Amino acid sequence: MQYLLLLYADEAGWTKMSKAEQEQGYAAYMAYTEALKKAGALKSSNRLQPIATATTIRTTNGKQQVLDGPYVESKEQLGGYYLIDVPDLDAALSWASRCPGAGHGIVEVRPIWSM
Amino acid sequence: MAATISGDERNLLARNMAEAVARQSYGKLVAFLAARTRDVAAAEDALSEAFASALADWPKNGCPANPEGWLLTVARRKAIDMLRRRRHEETVDEWQTMSDSLEAAENNGQIPDQRLALMFACAHPAIDASIRSPLILQVVLGLDAKAIASAFLTSPAAMGKRLVRAKEKIKQAGIPFVIPEKEELPGRLDVVLDAIYAAFAEGWTDPAGTDATRRDLTEESLFLARLVTDLLPQEPEALGLLALMLHAEARRRARRSEEGEFVPLAQQNIELWDSGMIREAEDLLKRASAMGLLGRYQLEAALQSAHVHRVHTGHWNWQEVVQIYDALLGISSSPVVAINRALAIAELDGAEAGLKDLQQLAADPRLTEYQPYWAARAELLAKTGACQEAREAYDIAIGLESDAAVRRFLQGRQSALKL
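As given, the protein sequences belong to chains A and B, one line each in that order. Quick note on numbering: the numbering used here labels position 32 of the first sequence as 32, and the sequence is numbered without any gaps. Quick note on numbering: the numbering used here labels position 258 of the second sequence as 258, and the sequence is numbered without any gaps.
Worth flagging that the hints you see were computed from the coordinates, not collected in a lab. Predicted model, so just to flag it, every value in this text is computed and none were measured. No residue lacks a Cβ here, since even glycine has one placed at the ideal position from N, Cα and C.
A few chain A residues that face chain B, going by a derived Cβ cut-off under 10 Å, partial list only:
#1 3
#2 86
#3 87
#4 88
#5 90
#6 91
#7 92
#8 93
#9 111
#10 114
Please construct the entire structure, taking both the sequences and the accompanying hints into account.
Given below as structure tokens:
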């Protein structure tokens, strides 16, 4: 089954980190991605630009509007994702728990709607 | 004269056979049918159609030698028909591939028992905690939403919806039907045990046994607890839970007088206790403690054992009781345990000491609506002679109690207070 791991974290946390800390953070994500690849579980993954770059389209009262900013303003923001292919939810959860994002934020696990 | 079996008798025979299989193997059949597809709802639907076919077929053609295999074969065919009608071709394949293992099962008459894996799926951390227990009752035992709803005091419609949603989650989220690995097992098993105990506690809230659905629930949860201990005989907490439940069940008949009045433990007629159940509970507890891994259910069973022992022998053992409460508090900081410990302290060091301990809990906002806290407080206040305060505490305890017999008991205690 395919699962999308959605990584939420406080963006401000990243900018507050020292250069060395950021490098260490990068390295952890690289290692994690590599491990997923080696296990044959990785379908794709991406990091997202900060929410300051987000634009939202929504329809209010039948009229479509383009708005500056993300869909929801919250303490944690969606910052990236992994699309993985594993046998079941337990396998997906165990990958989610290893994700560096689970150490400093939240990882939501969502099964993909198979067509 | 040769005995010929009439049509009525054949019908009865078939129904008895079907009922016996349903009672003994319902969960086993659901687990087998759902293990691969994870589609519990489809497995249940197919199985109920298979049972209907059995009631039509068996009186005519005689009961099959291997009724479980018969039911599985028919259920599988029904499921495939159903999925074809709904144009779910991709899931049809999954049901088709089941035929190999089914044939093997039919030939040797052995259906692999995956009930435990099914229970672990129902009590998966991804399933909402409050629905785990109802889900197990439905999926493993085949209880309908109406019976479960009445035991859990919710509407059948709401319960039905929540059960459907939980089964959807198992399927869509891909919750596996597996017994967790060794290192994960104790934590995951605790959740299964908690779900079984919750079902038992719901049944237990009707101590007079007048509500048939609740009465059934205690029997069903005992069945589940036995099943877990049969399948995992080396797990001390599973043994502990069964021991705890047997201890409680053993005293059922003594908890109410013939007039339906509440009888506290110390005044119970021990002739009414089920000594067979108590013996079994004690044996289980011994087996569990030999495994050297203490847990909540073993401790709670040990408490029951200590209470029973004291009433039986008159041997004053409150010291031991307090020690068990301390061990329980070491595992979880439950206010319920703390209240009972305070009552035990009162037996050990006097009412003042117990009251002092109880006072320390008063800040917990959960307790303002918790009847046992107010009943305990009232009892201890009464013993210290603080009659006015005791009366007020009794008022709150009575107001919070839903069981009429306990309410009358508390009212009796209240009116016995000196003015």
